[in-house]
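Q: Listed here are the chains, written in short residue letters.
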Amino acid sequence: MSAEQHAPSATEYIQHHLINLSSPQTTGGAYNFWTFHLDTFWVALILGFVFVALFGLVARRVSVDKPTKFQLFIELIVELVDNHVKEIFHGKSKLIAPLALTVFVWIVLMNAMDFLPVDLLPLLGQKVGLHYLRVVPTADINQGLAMSLSVIILSILLGIQAKGAGGFIKEFFTAPFHAEGMGMKIVLMPVNAAMQCIEYGSRGLSLALRLVGNMFAGELVFMLIALLPWWGQLIPGSAWAIFHILIVVLQAYIFMMLTIVYCSLAVEEH
Amino acid sequence: MEHVALIANVQQFTVLAIGLMIGLAGVGAAIGVALVGAKFLEGAARQPESAAALQPKLFVIAGLVDAIFIITVAVALMFAFGNPLLGMVK
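In order, the protein sequences belong to chains A and S.
So in full-length UniProt numbering, spot 257 of the first sequence is number 257, and the numbers just go up one at a time.
So in full-length UniProt numbering, spot 54 of the second sequence is number 54, and the numbers just go up one at a time.
Excised from the complex, chain A in its bound form:
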């Protein structure tokens, strides 16, 4: 990638951009379980702190008489999330609204890393000795699966909290198929358990894949545009960036909505 080497071919360029800065560093292909993606972790962590700092600052300097425009903007986001939570979630939990807000803003921030020029941060990283860098944490399947797993585990815990451990286990073996007699109940137990496992698994997988697939494809299209000659980049680049603004916000919104829906499904009685 540096200037003194030969110019990379299109495939080499893209393959280079798809390798995470990881510990121990791999160059694609050979992964082992303990490969840790440093870039995903640090970018996500920094953006999480950006979110907390921004919202904390506004909350601390909140003013009723003279709200700044930024305060109004933050209030707009908080109210949007709060309204959705009130609409969908009927249980009693003080956790859901902050969780939904965090999920939404954090994912928007992480997705928005796509709007930085694809080569900007990798080139800067090259200057300080980081040879691989992927700046969009949500384009990494590990980040998506980590978030969706957290949501699924949280929804299970909320279910246990709402119905008690006994009620949760009873539902695990008696829903979705109900039966009358004792014999049929026992016959249906493994079927129900399998169905519930499939349900939780497919929820988590589809939640993660939807976000990661969108971001990964968006990132790849930006890379393909970056391969065009310089005079041909402006129009497709700006067109895709404008379309991508919609996708970035929409995917974060969908992730937030589904988080609320899964949590409310967990606490509802059947």
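Derived by calculation from the structure, the hints in this document are not laboratory data.
A quick note: this is a predicted structure, and the numbers were derived from the prediction, not measured.
Everything hinted at is true.
List of simulated lysine-lysine pairs, DSSO-like, C-alpha gap at most 30 Å:
| no. | chain 1 | residue 1 | chain 2 | residue 2 |
| --- | --- | --- | --- | --- |
| 1 | S | K57 | A | K92 |
| 2 | A | K94 | A | K163 |
| 3 | S | K57 | A | K69 |
| 4 | S | K57 | A | K94 |
| 5 | S | K57 | A | K86 |
| 6 | A | K163 | A | K185 |
| 7 | A | K86 | A | K66 |
| 8 | A | K86 | A | K163 |
| 9 | A | K170 | A | K94 |
| 10 | A | K185 | A | K170 |
| 11 | A | K86 | A | K69 |
| 12 | S | K39 | A | K86 |
| 13 | A | K92 | A | K163 |
Simulated restraints, written as ranges between beta carbons of each label pair:
| no. | chain 1 | residue 1 | chain 2 | residue 2 | range |
| --- | --- | --- | --- | --- | --- |
| 14 | A | G56 | S | A52 | 30 to 36 Å |
| 15 | S | L6 | A | H131 | 29 to 35 Å |
| 16 | A | P8 | S | V4 | 22 to 28 Å |
| 17 | A | L72 | S | A52 | 20 to 26 Å |
| 18 | S | P84 | A | L227 | 18 to 24 Å |
| 19 | A | L123 | S | A30 | 33 to 39 Å |
If you want the ones that stay clear, here's a sample from chain A, every Cβ over 12 Å from chain S, calculated:
| no. | residue |
| --- | --- |
| 20 | V64 |
| 21 | L72 |
| 22 | L149 |
| 23 | K170 |
For each residue, glycine too, the CB sits at the ideal point set by N, CA and C.
We have chain A already, so just place chain S on it with the hints.
A: This is chain S only, laid out in the frame that chain A set:
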């Protein structure tokens, strides 16, 4: 020589597979989004007062339908630029 022919064979089928993946997923997503949009317009025309309530739901469902297409494109592009099947030939 046989090895080269084997790689070419894999690449040839991968190209076909990529075309099928993107094409079929595109057809499906297009039909799906079109149905969602048509029903939304129908509903909005019948009850204009509910259009504002339906619009965010329209975007959510369009996003859900679109996601399958986008995931397919991502997998197809992965096959195009870093074909894992080629590793099996060696």
